[in-house]
Amino acid sequence: MSEQTGKQLSKEEKDARFEAELLPVLDPLYNFAYRLTLDEDDANDLVQETYLKAYRFFDYFEQGTNAKAWLFRILKNSFINEFRKKSKQPAKVDYSEVEGYYNSDDVEGEGGVASTTDMRTESVQDLIGDEVASALNALPVDFRTVIILCDLEGFTYEEMAKILDIPIGTVRSRLHRARNSLKEKLEKYAKSMGYNS
Amino acid sequence: MESRFTETHQKLSEDGHESECDKIAHLLDLMIDGEASTEEQAYFNTHIEECVPCFESHQKQKLLKGLVSGHLKRVIVPESLALSIKARIQETV
Ligand SMILES: [Zn+2]
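Top to bottom, those sequences are chains A and B.
Position 135 of the first sequence, counting from 1, maps to 135 under full-length UniProt numbering, and the rest follow consecutively.
Position 65 of the second sequence, counting from 1, maps to 65 under full-length UniProt numbering, and the rest follow consecutively.
Incorrect hints may appear among the rest.
[Said to hold, decoys possible] PhoX-like cross-link-like pairs, simulated, lysine-lysine; straight-line CA separation at most 25 Å:
| # | chain 1 | residue 1 | chain 2 | residue 2 |
| --- | --- | --- | --- | --- |
| 1 | B | K62 | A | K185 |
| 2 | B | K73 | A | K185 |
| 3 | A | K191 | B | K65 |
[Said to hold, decoys possible] Label pairs and their calculated CB-CB ranges:
| # | chain 1 | residue 1 | chain 2 | residue 2 | range |
| --- | --- | --- | --- | --- | --- |
| 4 | B | L63 | A | R17 | 40 to 46 Å |
| 5 | B | N45 | A | L23 | 21 to 27 Å |
| 6 | B | P53 | A | L9 | 24 to 30 Å |
Simulated from the structure, these hints should not be mistaken for lab results.
All values derive from a computational prediction rather than experimental measurement.
Ideal placement from N, C-alpha and C gives every residue a C-beta, glycine not left out.
My request is simple: use the sequences and hints to build the entire structure.
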């Protein structure tokens, strides 16, 4: 392994290594892109671009280091440099429509006659999920980003600082403010559902 | 009168019960994100054992994190995406 460092790999070897190390991050990366752009096509483009950039710089990527954080960082930079400019203020996406579409498989399931109790529980879960999604989407993109990285992807503060190019102190305060605004948005909903705030 | 005294007393005594709760508030995120040091954890846990408001804010903060980690739906990656990434990479010299 380490004997080979710096030696030219054949293109096949390089491609194989690239796929083995970086493609497993595709799912979280696409989800991150989607939460940033709120658009499937944009997320698609952004992820492709991220992988092409990563491929170009793959020689600088040290094997065994944090591939996920590295890719997230590239994606976030691409988003800031290109997508953010061109993206019109994200129109109010109809979330339930998009997510309903993605989940249509579970809903339709052939059995069809799933017990009503299960169905009911599931749709309550869906409601909460939709509500969390729309509260999150209503946040400024910087706030949305730290919440996704921390709560959904489980990055540490240190990793987040590297991905976002900001000091850890800024990560902490941004996360704190982000959570406060998310809380505010969700509290309205919680009240309407009869929870105590 | 008496109860009023107690409130004020609680807030200001031992130059500051209040500031201790403030410190706890600053540790909330560290605690729920697993970023607090051992000392911070000990300090935090001791405090919330006897301070109901701080105990409650801890519960709320955990709940909030759980809403995102447990309820936000993941979108499904289009099947074509991995294929087109592989294809474009193979074209790249
Ligand atoms: Zn307290």
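Index of numbered hints that the structure contradicts, given in increasing order: 5, 6
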